[in-house]
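Work out the full structure: start from the sequences and follow the hints.
From first to last, the protein sequence lines are chains A and B. Sequential numbering of the first sequence, starting at 1, is according to our numbering. Sequential numbering of the second sequence, starting at 1001, is according to our numbering.
Simulated from the structure, these hints should not be mistaken for lab results. All C-beta atoms in this analysis are idealised placements derived from N, C-alpha and C, irrespective of residue type, glycine included. Watch out, some of these pointers could steer you wrong.
[Stated by the list, open to error] A few chain A residues that face chain B, going by a derived Cβ cut-off under 7 Å, partial list only: (1) Met52; (2) Ile77; (3) Phe81; (4) Ala85; (5) His89; (6) Pro99; (7) Ser102; (8) Arg103; (9) Ala107; (10) Leu180.
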Amino acid sequence: MAFLEISGLNKSFKDHKVIHDLSIDLEKGEFLAVFGPSGCGKTVFLRLIAGMMPADSGDIVIDGQSVIDANPEDRDIGMAFQNYALYPHMTAFNNIASPLRSRHVTAAEVTARVNETARMLRIDHVLDHLPKALSQGQKQRTALARSLVGRPSVVLLDDPLRNVDAKIRYEMRFELPRVLRRYESTVIYVTQDYKEAMALGDRVAVLVDGAFSQAAAPREIYDMPSTMRIARLFGDPPINLLPVHPITGAAGTEMTVAGGTVRLPADRAALSGRECMFGIRSENVVVSLQPTDGIPMTLDAITPVNNRLVMLLGGNEGTELFASCPQGGPMDRLRGRHNAWITLDLAHAHFFDGSNGARI
Amino acid sequence: MNVKSVLRAVALTVIGLFFLFPLFWVVLMSFMTNADILRNPPSPFFSPTLHNYIALVSGELHTNVGTQKVTYMLNLFNSTVLSAFAVILSLILGVPAAYAFARYKFRLGEDMAFTLLSFRFAPPLLILLPLLMIFQSMGLYDTYFGLVWVYQLITLPLVLWIVRGYFEDVSEDIELAYRLDGHSWLSTFFRISIPLARPGIAAAALLSFIFAWNNFIFALILGSSGVQPVTVGAFAFVTASGIEYGQVAAALVFSIVPTLVLAMFTQRYLVEGLSLGAIKG
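Structural data, given as structure tokens:
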């Protein structure tokens, strides 16, 4: 039995279904990163777990106990809010001590545990400050310390790195897993940044239209997206998606991409005759400036992104493709338009149903 | 630039004088005899006397037709008791109600809040006669309790509507965070919501105290001299032999003091920007 079981959760506001038959199980100590575009229901999902609003139906079981009807204070959940939600009239120390105070811990132990947590998050020197005297990073760490100090069974982190600057965000990407492992917390981490989700989560769950359309290891989501929508959400630059119509002829199964003919591997023969979307990530598009037997296109623009060079290619019929390669090659100083020939690495190609976007 | 600032200073002085001069004149009058006050043309040069204040404190008013008892000190006490208890009762009832109106949507909620506000639109005279009869038959006429109760018409809507706005500004996330820490709803209300709405509660308390203090008509009709406040008590200086302007002025000076003290005391909370820095920014 899983440690945290969420099954068949539903929540609507008036006629608008925000959470729709959502289910997921978490093991003890697991770090689940929930990723979804804005407005997909992430915040409502967290609030349902926290008990801030009642669910229309469904169940939430923590460690064998159903908490769906419990008050927030009885659920043993820690939460760090996107806006920190610190108590403005209390010092950082009292903010962090709050979960301990409700548990009737002795004063000496409160001090010891607050100091320990604060030291770990490197805010022990600002414990006597009011929230308004704290920097953004310190506020965020105080909120995090408050959510962890009581060692709750489940920790909810609502996009806690959204409002901090890039440097702190990077630091915390390293620090968070270390801290959370120390507390053996079961974590649900909500984010709008797919890279953050992939960097932090043991598993990544993709929340689309109020339900998880895929929950898997980060690499698996990237390599085997279960729908076209997910494929589009992960990746920078975004995955190339082109409508294709493979036909099996004398030479095997072939499709037309950007005016060129591409022969599909034998195991893709089943695609023949189907209208589908062909997806390929930029790193699987190989560009050559010397003529090859690949598809001729024009290299329209080139720009560095995250240590890679991203190229924008134009083909006939207005087709556009992203390709990328590591920096440090002959392409680095390339300017202007060039003729190019591309080869597609079909071992990493994705095909999606043309009508419903499901992976084929 | 320089001309502008000079003009501004002049304008401010003129406005200041316009508003403060009556107050200044009243203070001056309270140290004059009736003869000085009524002299024409008026003159700021006179021999100051404490006669007016002594009359108020001792409760004996000597006029040229005889000695008359004044109950001004009792009126002052009544004003303090009535206003203070009216405000306290309004806070006890109004603050939780304001919280409910701010946080929860319930049937007829907005209608109830508006009805309470509408008490402020109706002229008191409209309801005074029936109210007097109800009070007489219920034994509430001429009691502190009765007046404190009827003052709720003045103070409760104020408290409710001012504090409600402040509760609406308190982030729900902060309250939820406190509850997730394991604290009950009630302790969240007292430890988080009320402290964060304190500037609003202080403002509402001060304003409703002033409104209650300045009320005249309810106390005039619904009480006799035993429970009447200063606003009604000042009437006693309109005597058979004429109006005792000096005593009226001294009474006014006395009646300003409690409100002034309260205002200075609550000012600290009024300007306290507690919510700053709570949420991002």
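In rising order, the numbers of the hints this structure does not comply with: 9 and 10
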